[in-house]
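Read top to bottom, the protein sequences are chains A and B.
First residue of the first sequence: 1, per our numbering; consecutive thereafter.
First residue of the second sequence: 1, per our numbering; consecutive thereafter.
Just so you know, these hints were derived from the structure itself, not from any lab.
Please note that a few of the clues may not be correct.
Going by beta-carbon spacing under 8 Å, a handful of chain B positions derived as facing chain A [claimed, not checked]:
id, residue
1, V69
2, G178
3, V225
4, G308
5, V309
6, S348
7, T364
8, S468
In the DSS-like style, the derived pairs of lysine-lysine whose C-alpha atoms are separated by at most 30 Å in a straight line are [as the list claims (entries may be wrong)]:
id, chain 1, residue 1, chain 2, residue 2
9, A, K27, B, K245
10, A, K41, A, K27
11, A, K90, B, K76
12, B, K245, B, K391
13, B, K395, A, K41
14, B, K76, B, K391
15, A, K41, B, K76
16, B, K94, A, K27
17, B, K245, B, K361
18, B, K395, B, K76
19, A, K41, B, K94
20, A, K27, B, K395
21, B, K245, B, K395
22, B, K76, B, K94
Source: prediction; values computed, not measured.
Ideal Cβ placement from N, Cα and C applies to all residues, glycine included.
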Amino acid sequence: MAGISRDEVLHVARLARLELTDEEVGKFQEQLSDIIEAISKVSELDLSDVPPTAHPLEIANTWAEDEPGPCLSAAEAFANAPDREDGYFKVPPA
Amino acid sequence: MIDTLTLTAEEAWRLVDAREVSGAELFAAYRAAIDERDDELHAFLHVADDPGGDGLPIAIKDVIGTQGVPTTAGSKILESYVPVFDATVAARCKSHGLRLLGKTNTDEFAMGSSTENSAFGPSRNPWDPTRVPGGSGGGSAAAVSGGLAPWALGSDTGGSIKQPSALCGNVGLRPTYGTVSRYGVVAFASSLDQVGPVAKTVRDCAFLYSIIAGRDENDSTTVDVPAVELPDAEDLKGLRIGVPKEMNEREGIEPGVTAAVLEAIELAESLGAEVGECSLPRSVEYGVACYYLVAPAEASSNLGRYDGVRYGLRSDGEDFRTMLMNTRHDGFGDEPKRRIMIGTYALSSGYYDAYYGTAQKVRTVIRREHAAVFESFDVIVSPTSPTVAFKIGEKADNPLAMYLNDLLTIPSCMAGLPGLNIPCGLSEGLPVGLQLIGPQFSENILFRTGHALERALGFDGVPARLRS
Numbered sequence: 001m002a003g004i005s006r007d008e009v010l011h012v013a014r015l016a017r018l019e020l021t022d023e024e025v026g027k028f029q030e031q032l033s034d035i036i037e038a039i040s041k042v043s044e045l046d047l048s049d050v051p052p053t054a055h056p057l058e059i060a061n062t063w064a065e066d067e068p069g070p071c072l073s074a075a076e077a078f079a080n081a082p083d084r085e086d087g088y089f090k091v092p093p094a
Numbered sequence: 001m002i003d004t005l006t007l008t009a010e011e012a013w014r015l016v017d018a019r020e021v022s023g024a025e026l027f028a029a030y031r032a033a034i035d036e037r038d039d040e041l042h043a044f045l046h047v048a049d050d051p052g053g054d055g056l057p058i059a060i061k062d063v064i065g066t067q068g069v070p071t072t073a074g075s076k077i078l079e080s081y082v083p084v085f086d087a088t089v090a091a092r093c094k095s096h097g098l099r100l101l102g103k104t105n106t107d108e109f110a111m112g113s114s115t116e117n118s119a120f121g122p123s124r125n126p127w128d129p130t131r132v133p134g135g136s137g138g139g140s141a142a143a144v145s146g147g148l149a150p151w152a153l154g155s156d157t158g159g160s161i162k163q164p165s166a167l168c169g170n171v172g173l174r175p176t177y178g179t180v181s182r183y184g185v186v187a188f189a190s191s192l193d194q195v196g197p198v199a200k201t202v203r204d205c206a207f208l209y210s211i212i213a214g215r216d217e218n219d220s221t222t223v224d225v226p227a228v229e230l231p232d233a234e235d236l237k238g239l240r241i242g243v244p245k246e247m248n249e250r251e252g253i254e255p256g257v258t259a260a261v262l263e264a265i266e267l268a269e270s271l272g273a274e275v276g277e278c279s280l281p282r283s284v285e286y287g288v289a290c291y292y293l294v295a296p297a298e299a300s301s302n303l304g305r306y307d308g309v310r311y312g313l314r315s316d317g318e319d320f321r322t323m324l325m326n327t328r329h330d331g332f333g334d335e336p337k338r339r340i341m342i343g344t345y346a347l348s349s350g351y352y353d354a355y356y357g358t359a360q361k362v363r364t365v366i367r368r369e370h371a372a373v374f375e376s377f378d379v380i381v382s383p384t385s386p387t388v389a390f391k392i393g394e395k396a397d398n399p400l401a402m403y404l405n406d407l408l409t410i411p412s413c414m415a416g417l418p419g420l421n422i423p424c425g426l427s428e429g430l431p432v433g434l435q436l437i438g439p440q441f442s443e444n445i446l447f448r449t450g451h452a453l454e455r456a457l458g459f460d461g462v463p464a465r466l467r468s
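Put together the whole structure using the sequences plus the hints.
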């Protein structure tokens, strides 16, 4: 399973919405291949009867009362926006 | 005259309480130390004006949101970000009168072991400025040992509090998962991230932990936390210390590190502790691989929010998708890009079971192995880092070599366990860190053990070259 092809690097970058230059694709292909080879080590163990751990504490379904509380004002919510118009975040056309 | 290099937070607090020094004078003393030494150390990304308050100054890692004060997470993508609310931990510090000195440097999104991945340049180790202070929280550790802050907050995903504390010769706690709120903290890997204190002494570390720990209704992973006891016992009678052989005898651990750790273990025995060998074979063998699947997988999801829409950098693009892809290309450095891609790969169709699903099962193996050891021992010990501080640039071009630096800190993080680093000596003139690990919610035992050892070791935490 080790190694990752150039096309796979481009595929993964596309899934992650990352633009890459040609030079970056080559560099990351090499580095990611080394990393994937190292992490593939997890497949050496026999794990057939082992349940997965998603979270280190055994807590589930933490509920809170459904009560209104203070929240950000519109001005605060927009304070860091790169672009906005009339109470909306503004983006280029889809 | 306040000597910020030697003053503990406890003593500083006493001086302020006794009105021998005002909070403003104290703040000014640390600010003067920053002005004097931070051009060289680069521990801070942003230095704040005195916000006032009744208490001590504090430095906060730049992944922790601070209202009205820039919070970049060491990334260009957040270079212009100024939070409109405080993280819960920052608010708790404020409500205890702590005054924000500034925001400390970090590897970008806390991804790294040296601060060399910071978009704003590395921090330097106060013991030797040609060396790294560790990472990701190298800025906080360098600030504390360089006398630029009495204490600091860090964050730890796979060792980012413990390892820099080891490399800089100070005390750092990675608390039990769920004890400290992450609300308002820039997320990296949510099943692992924990905020924790960095300080000069174990008592200072315990006190700062008591300020930040506790359930927060804004973070549903937090739980009620046992009352924190400030340690004062100087013996270790009745304490059972386990020495996992895989974490102490492994190839790659420098001889000087092993020697200092062995001396500390012998000292623990002379203080009354029972010391015995134990074993964590699979945790050590598979921990790093497991971590570098789980953490990037979670990071690839968490970093999806940087889209150039609501906050942060936006690059040009004629349509939305081009803008999005250009923003992420321009805003993220190489390490976040690598981890986003590894994580996306590990979660992608056809690979999920082989990688992420398998890593989650390995995580169960690691948890169980630690639980079994804690049936016979109260605390386990090892070096925190296999090496002392390495040279800036030494591992910068080899991501995999950098990852192996976390070999000894990662396994307990995967199991959600608390870990305390205390300095235990020098090797080649550089600090060596001792890692103490306990079961979940055993912070008080770690403080007690760390405090007794700290007193007996008598380590001088002031970097030799800065001693007057």
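Comparing the hints with the structure gives:
no., hint, result
1, V69, "violated (13 Å)"
2, G178, "holds (5 Å)"
3, V225, "violated (12 Å)"
4, G308, "holds (6 Å)"
5, V309, "holds (5 Å)"
6, S348, "holds (6 Å)"
7, T364, "holds (5 Å)"
8, S468, "violated (44 Å)"
9, K27(A) to K245(B), "violated (38 Å)"
10, K41(A) to K27(A), "holds (23 Å)"
11, K90(A) to K76(B), "holds (21 Å)"
12, K245(B) to K391(B), "holds (28 Å)"
13, K395(B) to K41(A), "holds (22 Å)"
14, K76(B) to K391(B), "holds (25 Å)"
15, K41(A) to K76(B), "violated (33 Å)"
16, K94(B) to K27(A), "violated (45 Å)"
17, K245(B) to K361(B), "holds (24 Å)"
18, K395(B) to K76(B), "holds (22 Å)"
19, K41(A) to K94(B), "violated (45 Å)"
20, K27(A) to K395(B), "holds (16 Å)"
21, K245(B) to K395(B), "holds (27 Å)"
22, K76(B) to K94(B), "holds (27 Å)"
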